[in-house]
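Chain A is fixed; fit chain B onto it per the hints.
Here are the chains, one letter per residue:
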Amino acid sequence: MKASASQYAQAWYEKLSAVPPAEWPGVSEKMLKLIRQDGKMRLLPDIVRLVEETELASQGVTQVTVRSAHDIPDEIIAKHVKQVLPEVKVKIDRENDPSIIGGIQIETANKRWDLSLRGQLRKLAQLIHSN
Amino acid sequence: MTGQKDTVVEHLKKTISEYKADITEEKIGRVVEISDGIVKAVGLADVGAAEMVEFDNGVRGVVLNLEEGMCGIMVLGEYTDIGEGMTIKALGELMSVPVGDGLIGRVLDPLGNPKDGKGALDSSERYPMERIAPGVMSRKSVHEPLQTGLKSIDTMVPIGRGQRELIIGDRQTGKTAVAIDTILNQKGEDIVCIYVAIGQKENKVAQIVSRLEKAGAMAYTIVVSATASEAAAMNYLAPYAGCSMGEYFMDKGKHALIIYDDLSKHAVAYRHISLILRRPPGREAFPGDVFYLHSRLLERSAKLNDKLGAGSMTALPIIETQGGDVSAYVPTNVISITDGQIYLESDLFNKGFRPAINVGLSVSRVGGAAQIKAMKKVAGTLRLGLAQFRELEAFAQFGSDLDAATKRQLDLGRRLEELLKQSQYSPVPVERQVIQIYVATNEMLSDVKVEKVQPFIAGLMEYIENNAGDLFTEIREELMYDETWEEKLKSVVAEFASTADQSYFIEKQS
Chain A
1 MKASASQYAQ AWYEKLSAVP PAEWPGVSEK MLKLIRQDGK MRLLPDIVRL VEETELASQG
61 VTQVTVRSAH DIPDEIIAKH VKQVLPEVKV KIDRENDPSI IGGIQIETAN KRWDLSLRGQ
121 LRKLAQLIHS N
Chain B
1 MTGQKDTVVE HLKKTISEYK ADITEEKIGR VVEISDGIVK AVGLADVGAA EMVEFDNGVR
61 GVVLNLEEGM CGIMVLGEYT DIGEGMTIKA LGELMSVPVG DGLIGRVLDP LGNPKDGKGA
121 LDSSERYPME RIAPGVMSRK SVHEPLQTGL KSIDTMVPIG RGQRELIIGD RQTGKTAVAI
181 DTILNQKGED IVCIYVAIGQ KENKVAQIVS RLEKAGAMAY TIVVSATASE AAAMNYLAPY
241 AGCSMGEYFM DKGKHALIIY DDLSKHAVAY RHISLILRRP PGREAFPGDV FYLHSRLLER
301 SAKLNDKLGA GSMTALPIIE TQGGDVSAYV PTNVISITDG QIYLESDLFN KGFRPAINVG
361 LSVSRVGGAA QIKAMKKVAG TLRLGLAQFR ELEAFAQFGS DLDAATKRQL DLGRRLEELL
421 KQSQYSPVPV ERQVIQIYVA TNEMLSDVKV EKVQPFIAGL MEYIENNAGD LFTEIREELM
481 YDETWEEKLK SVVAEFASTA DQSYFIEKQS
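Sequence order for the protein chains is A and B.
Each residue of the first sequence is one higher than the one before, starting from 1 at the first, in this note's numbering.
Each residue of the second sequence is one higher than the one before, starting from 1 at the first, in this note's numbering.
Treat the hints as calculated values from the structure; they're not laboratory data.
There may be inaccurate statements among the hints.
[Said to hold, decoys possible] Here are the in silico distance ranges between beta carbons for each label pair:
#: 1; chain 1: B; residue 1: P281; chain 2: A; residue 2: R42; range: 15 to 25 angstroms
#: 2; chain 1: B; residue 1: D116; chain 2: A; residue 2: A11; range: 50 to 60 angstroms
#: 3; chain 1: B; residue 1: S336; chain 2: A; residue 2: P98; range: 55 to 65 angstroms
#: 4; chain 1: A; residue 1: E87; chain 2: B; residue 2: E18; range: 48 to 58 angstroms
#: 5; chain 1: A; residue 1: R42; chain 2: B; residue 2: G58; range: 20 to 30 angstroms
#: 6; chain 1: B; residue 1: A45; chain 2: A; residue 2: D38; range: 33 to 43 angstroms
#: 7; chain 1: B; residue 1: H143; chain 2: A; residue 2: R42; range: 51 to 61 angstroms
#: 8; chain 1: B; residue 1: T15; chain 2: A; residue 2: L32; range: 51 to 61 angstroms
#: 9; chain 1: A; residue 1: D38; chain 2: B; residue 2: K201; range: 40 to 50 angstroms
#: 10; chain 1: A; residue 1: A11; chain 2: B; residue 2: Y329; range: 33 to 43 angstroms
[What the hints assert, rightly or not] Covered by chain A, according to a simulated footprint, are these stretches of chain B (three or more residues, beta-carbon under 8 angstroms):
#: 11; stretch: 6-16
#: 12; stretch: 24-34
#: 13; stretch: 61-70
#: 14; stretch: 479-485
Every residue, glycine too, gets a C-beta built ideally from N, C-alpha and C.
Pulled out of the complex, with its shape left as it was, chain B reads as follows:
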């Protein structure tokens, strides 16, 4: 300890002795108006848009509006001590955040300051907060899968590395749960996850961090948090800060996953800032550039070409709708920017169908190319089968006299629906998903009672793990299956069925 103290003192002595006080010319201005985190200032000649400034009390800000003889500044910190007439100094630099491996496992504010009390950050590099998205020639089409561990998503709405997939739904439909499950499933996948909390409650963020810690997911996760109690400026900056942190890994040829939870609150924070800056309000009082606000952010998620290291950044933005209205301004904007959406429905959630994904409205525009062959083969007819089932189910409510084919379709659909139910924080590896879907779609569950599908499948997975582990290994390594594999699986399922609890099965009438 004494040794370390000596080094620190030596360092300070050296820095002070080498310090030369040079007189530098500073560009200054003066505060003429302050309202709710936004300052109007005069002076500041030659200041640029998005340039950092510093108030006399040490608080920093960023220039947003440039008007004749005046500029609008967003305060990045405590603004109650800023008064009219206070001097502002232009710093001549753009906003930036620390980046690097040292950020992993930390909880940070949008300016990159630690919020977790674990000491200073181990980072020497900085990235600008606003960067131009990679161009057409720098990109490659999405082709590697990003497994979420959620059966409904990986089978029917697959996500690829570098994709932007929107998670949309009303409040309390499990949007964050889908995102957190996806983070949990990246364990051992060499993907750095970034969770950006925008305008969330402090206790919700604390719960998420503790859940990630408990699952060991903080070992590969960065949390950027701007909570509801913080200034609108922080909420506005949080996604850009998280994006820059993710870009560092993408530029290094690694894979990153970023979750923006949620962009509705981000748009609200931007509306707040814009209205105080007196920018003309448009639809729903959002400013005219609210589309660009999100498009420039989401375009930064990409799959880079091999020349640039083949890194990727996958984005899962979240949008909260009001009363299921996806035609509101911000949801339609983000739907049009992203490569598909996962639509969560309150009705399904309340029926106990979780994750409450509406497979009819959910779509992945590019993820299909990233799905592993085995999954593509096994899940090919799943979406169609489920859609047919829902249609038949509605029709079957009006009559009881059904033909055998319809009855069979309904039985299959009910079992598929049951199989797709999944509890929170329990992601399923892809090889297990393939087997489960194969078993269900090939009607190997037709003798199992609907309510017993889950325990039957759990038992089957355990049985395969203990007695035929190579069925998993083959899918994991070959990413495909052949006829021998199919035959073996069928015999294993039959073996398990003969030993399984007989209460799982429908009693056959003699």
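Bound-form chain A, shown alone:
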């Protein structure tokens, strides 16, 4: 039977949760073997991402990536994240991306809040172009 990335991720996570950590390598090896047999190795990055998301979701945590061009103090980042995601428990990953010029970008799995200078300039350019 063919399964999707989310089905593999769910099965993998459930199996790992059901056994003590000492047995995890064995479970993971079996899972990888199954995915390879199904010819779905190309889904692996997606499956790993979904397993991570499932784990965080089970703990009530949302993974957030914050991208900035320069080093910004943690309290400022936390303030901005709180602004866009109030009342949500978050795990913040920091990334440095000089191409955004300035400001920050806050991203979850499928949403983004663009507070970067590059994003503002793009919007302004579109506005001028459409006029």
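Frame of chain A, contents of chain B only:
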């Protein structure tokens, strides 16, 4: 110039000062796979089918497949810079193209961007690329003629405004020539023509544009071009873009003519996209919805009722067959969708019979109602006469002893065939066609040598123009003729014959 510069700078200053940066929530996803212009992405929650997306590098795409946890996106532009993990943003809008009078005379890509280097488009309105075709109650039956200027078509396979008439034939049989001649003949007819080039060679499109420019036809023509060097996505979108541009004129109560050159390549582009999207292949590896691909496009051509402005959009789709096989998948599909077909044959083309239309296999299902009365009267027996001639001609090859009636029929047929030959880029106005066919079918050419039919007719047309122009005017204005007209024409033909070069005529045996 300084004044204009000041205005532009003022405009920019005003826009920037009024600009407020608001924080908006964007729906995003990530590229997990890219292959030949098709991207598979995860994320993009709540994205809809046919919704536009934008990659982080500014390239746009359109969502085609929605699967569990993943979606298939067709990239509309350069896809070599898109990599795995790149962020994609859903734009929340459907694909659209600019429409309006400002597009006339321009050469555009399927997204409506100018390709002719003549600057920005003068257009403020946009139409969605995919629209539902007008319903039954919005339509009216086809009743106005669309003259192609080609004698074989206007007489035997007439086309009406709002009709879908397929041009089908092998490669190098003159399919595009028929379409271009039809555009050239719309000069002064208040019809906007749209030529959609799908998967054509760049030099062929350039030649067509230059030919249209030379003939002054770009003044009422829009060219939408997706050439063979462009991505399959562009080839797939081109006919829909052209159709939306034509619909604008139809909705405004005007008349439009759209040529899809050609839908075989369009189906191939769609097959390419579908196979990469892993949609199940069917007959000839085309996906299951290849019929709907063309039916939803061609159904958008219509004649609207008077309440909706009585506008029309006539479609001339072109299909290229392989070895004359009209029973292949795409040709049969398009034949069944359209209101008739003009069948061009390699054998006729090679015999020098141009346009190489096989009148036996060509048919117009609704065009008869749109033919002007004079043409209907004069051409009524033409198809039958030609069919009888072809049958007799084949039979006559086996014996030389023919009775007088058969001989007469053969003579008439040969002259009719000769008369229907027409060189490229020389459309004939309908009133001249009526006279030429009248003269031929009433055996006024029986004394003219077969090889001299064309110069005789050309001379006759010139003679009428100079000496009896009202014969043309009456047909043009009244759309019909009476006995007085017939008598006058007969006497004019006799007058011309007496003054014409005697080498045109068969020498009579004493």
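Exercise for the section: Could you tell me whether the CB distance from R42/A to G58/B stays inside 20 to 30 angstroms? Expected result: holds, 27 angstroms
Handout entry: C-beta pair H143/B, R42/A: status relative to the range 51 to 61 angstroms that was hinted
Key = holds, 58 angstroms
Handout entry: Claimed coverage, the stretch 6-16 of chain B by chain A - three or more beta carbons nearer than 8 angstroms
Key = holds (count 4)
Problem - Cβ distance range 33 to 43 angstroms for A45/B and D38/A, holds or violated - result: violated, 26 angstroms
Practice task
Evaluate the given range 48 to 58 angstroms for the C-beta pair formed by E87/A and E18/B.
Solution key: violated, 34 angstroms
Problem - A11/A and D116/B - C-beta distance against the hinted 50 to 60 angstroms - result: Between D116/B and A11/A, where Cβ atoms are some 57 angstroms apart, the hint holds.
Exercise for the section: May I ask you to test the hint 40 to 50 angstroms on the CB atoms belonging to D38/A and K201/B? Expected result: This hint holds: roughly 44 angstroms between Cβ atoms.
Exercise for the section: Would you check chain A against the stretch 61-70 of chain B, counting CB to CB pairs closer than 8 angstroms, and say if three or more residues qualify? Expected result: Result for this restraint: holds, n = 4.
Handout entry: A11/A versus Y329/B beta-carbon gap, inside 33 to 43 angstroms or not
Key = Given a distance of about 41 angstroms, which is inside 33 to 43 angstroms, the answer is holds.
Handout entry: Claimed coverage, the stretch 479-485 of chain B by chain A - three or more beta carbons nearer than 8 angstroms
Key = violated (count 0)
Exercise for the section: For the range 51 to 61 angstroms, tell me whether the beta carbons of T15/B and L32/A fit it or not. Expected result: Hint holds: Cβ distance 55 angstroms, inside 51 to 61 angstroms.
Exercise for the section: Using the Cβ atoms, figure out if P281/B sits within 15 to 25 angstroms of R42/A. Expected result: holds, 20 angstroms
The earlier numbered hints that this structure contradicts are 4, 6 and 14.
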